[in-house]
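Engineer: Sequences are here, hints too, so could you generate the full structure?
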Amino acid sequence: MKIRELSRREFLAVSGMTGAGLVVAGCGGGETIGGEEEGGGDGQPQEGGTFTFGRGSDSVTLDPIHATDGESLIVCRQIFDGLLDFEPETTDLVPALAVEVPEPEEDGLVYTFPLREGVTFHDGTPFNAEAVVFNFERWMNSGNEYHAGGGPQASDFSYYSGMFGGFDEESIIESVEAVDEYTVRFRLREPQGPFLRNIAMSPFGIASPAAIQEDVEEFWRNPVGTGPFRFVEWNQGSTVRLEKNEEWWGTDVPVEEGGGGPFVDEVVFQSIDDNTSRVAALAGGQLSGADGLTPDDVPTIEQDPNLKVIFRPPLNVGYLAMHTQKEPFNDVNVRRAINHAIDMEAIVQAFFGETGEVATNPMPPTVPFFNEGVERYPYDPDRARELLAEAGYEDGFDTELWFMPIPRPYMPDGRGIAQAIASDLQEVGINCELVTFEWGTYIERTGRGEHPMALLGWTGDNGDPDNFLNIHFNSANATEENALNIAYYENDEVDELLNRGASTIDEGEREEAYMRVQEIIMEDAPWVTIAYTRPPLGFQNRVQGYLPSPTGGESFNSVYLSG
Amino acid sequence: MTEQAQAGAQTDVVGGRVESRGRWRDFRRVFFGNRLALTGTAVMALFIFCALFAPIIAPYDPYEQDLTAKFAPPTSQHWLGQDELGRDILSRLIYGARVSLTAGLAAVAFATVVGTVIGVTAGYVGRWVDSVLMRLMDVILAFPTILLAIVIVTILGPSLTNAMLAVGIVNVPQLARVVRSAVITVRERDYVEAERALGAGNLQIVRTAILPNSLAPLIVQATLTLATAILDIAALSFLGLGARPPTPEWGAMLTDAFRSGFGVFVTGQHAIIFPGVAIALSVLSVNFIGDGLRDALDPRQRR
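Chains A and B, in that order, are what the protein sequence lines are. In terms of the working numbering, the first sequence opens at residue -7 and continues consecutively. In terms of the working numbering, the second sequence opens at residue 8 and continues consecutively.
If you're looking for bench data, these hints aren't it; they were derived computationally from the structure. Treat the hints with care, as some may be off.
Unchecked claim - Facing chain B, according to a computed beta carbon distance under 10 angstroms, are these residues of chain A, among others:
1. G406
2. R407
3. A414
4. Q418
As the list claims (entries may be wrong) - Label-pair restraints from in silico Cβ distances:
5. I147(B) - N533(A): 51 to 59 angstroms
6. E294(A) - L288(B): 33 to 41 angstroms
7. F150(B) - G229(A): 22 to 30 angstroms
All C-beta atoms, glycine included, are put in the ideal place defined by N, C-alpha and C.
Structural biologist: Here's what the structure looks like:
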């Protein structure tokens, strides 16, 4: 949820203080990593070797509950396990430290997790129900002795408050208790539709209580979990080194359920902020894999006989938001006209290439309850002119189109896309001045609704429709500051449906609510949806078993090096 | 030049005329005998011609996109190929000459006017005014110019006008210093004393005696500053702090191409090379002209 926040690297890239970062600014910060399994290798996975993974920036913290950026979370993902996990390459749930995905009890107010027995943390202490209770109490009670740490850039447990409503009395989780040594029971204050998906997110990895009790302030750089790799050293600004956990509980679990391995002896995360240098390091063999490729890098890497591209399943959407409370965008006909006026097929073809597909709904088809029945407004400039005339703008109008100054995973080239959109809009008489700001300022100003039209996007973190639809279209998120609903879209019926979808655990009812929301959004057209992106990752051919997660943070347990 | 000659000739009217003709001849001889300066002048003339007659010369509309021809290589229709939006690079470079040269000139004009006012005031008035103004200039000089320009644009908001202003501001101290030192050498000359004896006021002395005789170093410095100004504005645009898209500014054209990623080095080199060459050529030419002017105008170097 904090994924759009400004990272240090992005700041430097935009402000132009680093020579190298300038050119590429892009490489997409934290959240791009991933792809598609290719062939799965032949025969038995091989043991050993070092898997060196190149990425755009370093981690901020290795205490998962304090992490909000993709680069921290993907490292935490290797060191920690949660109670539940996402099945590889999807956002379906599988058990992890729990033995099974629990069924809701008492109308969704109680969940009982049976835990895996015989699991130990990397420091040798046992994993049990008390450890789970210890972690949740640390996160949810602001008065807890260990509600601290995280390092200099700690997010203050913001993923916990973000996903579970807040701390203490505001927390949706009322209590967590150890029923016996290997059973833990959650009691909720109110039912929460996405509860189990939230539990599976990587910030909620279970940490060793002994290590936290020993020194909570230093835990962020001495992380101890139960994951497939154990922490070795962190050379800040450059590398994080991990080694194989020989005693990992998941070795005998099938690969499809997130188990298998770990096969490589060592995992090294290497930060190379300059995108071009990173791709060059991959081509030169110094890296086993790299993320943050641009669409134009894809053909380059595919042509290299030693390299391959894997695409991460899409869990994002890029969009153009119109400020629905400002003239002339308060008129639905104007918004529809703009939808008709843009030739999105051509734009997506040109700027996303193989990495994107034209979006219809405000969430990608990998998310449950995606409405297949909704259709885009077809490209039809004549119809757009008619609609503008109906709205009283026969001669068009002048406005501003804001675009992002740096590439994002959901939009590799905001600057180019803005120019293409402006050119299409000019055809129907709408003249756009193209405006941008430094990235932090851009988020701040769009979050205050200062724009008439703005490009932006969203990378989801748990694959729940609530995580896409509620944040963007609930009027509660059309706030004066830090708005996520930057179309400032307000519709009572939509609010009611979204709230119902979030607070019920009845799947049928949720489906009905979210399906209807997508229809209404298309009718009301507060956005022009642009594309769903499959972020590309590059690998040496010998890398096998890389199973990219749509959320951007996959476990490397199944990775092995052939030949 | 004639004004300068007249001013210099005030002490000896007859000899002055002879000297005036001699100076102009010397200037021509030295400047046009300098092959680099001549080449620079020719290239600049070409760029200025492009800038003036862009709509007539440019083969295509510089804004017209063709998304199907992304990074299409040079062909007989598109001599320098097409950019990331399928726009004709040659046409954009031709229109870009307008933007980049005008922006550079505007920045230098600003720096020259402000720098001259500060330099003349400091040099002519002297005493504490001199100290205060020049220390202020030193403060600005203490920062690397491009960094300071970035800070100014970041505060004012990114746009071409603000980029011009920022580049103008950071170049003021150089010009102010040159003017000041010229004014100080001229200030005590006999002809200045003569003007004063004739009852001329300060402003008139500055106008008729001081300025014209300080002009030579100013012209040289302003020309050399033009080169860095063009480069700095291109750099700001490259960083997304200058010209707004879709303006065909040379630095902005570079950044447009670079934003497409590593692949541009394989498939779209022309989109990087040609704007880069345009920037390099214009900067080199202006530098050559500046060097030629210095050789021709500075009497010490001439000997």
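Engineer: Tell me if the beta carbons of F150(B) and G229(A) are separated by a distance inside 22 to 30 angstroms.
Structural biologist: 26 angstroms, holds
Engineer: How does the Cβ-Cβ distance of I147(B) and N533(A) compare with 51 to 59 angstroms: does it lie in that range?
Structural biologist: The hint (51 to 59 angstroms, Cβ to Cβ) holds, given that I147(B) and N533(A) are roughly 55 angstroms apart.
Engineer: Given A414(A) was flagged as interface, is its beta-carbon under 10 angstroms from a beta-carbon of chain B?
Structural biologist: 7 angstroms, holds
Engineer: Does the Cβ distance between E294(A) and L288(B) fall inside 33 to 41 angstroms?
Structural biologist: Given range 33 to 41 angstroms: holds, Cβ gap about 36 angstroms.
Engineer: Min Cβ distance, Q418(A) to chain B: is it shorter than 10 angstroms?
Structural biologist: 9 angstroms, holds
Engineer: With 10 angstroms as the cut and Cβ atoms as the points, is R407(A) at the interface with chain B?
Structural biologist: 6 angstroms, holds
Engineer: Does G406(A) pass the interface check with chain B, least Cβ-Cβ distance below 10 angstroms?
Structural biologist: The hint holds - G406(A) has a Cβ within 10 angstroms of chain B, the shortest such distance being about 9 angstroms.
In summary, this structure violates none of the numbered hints.
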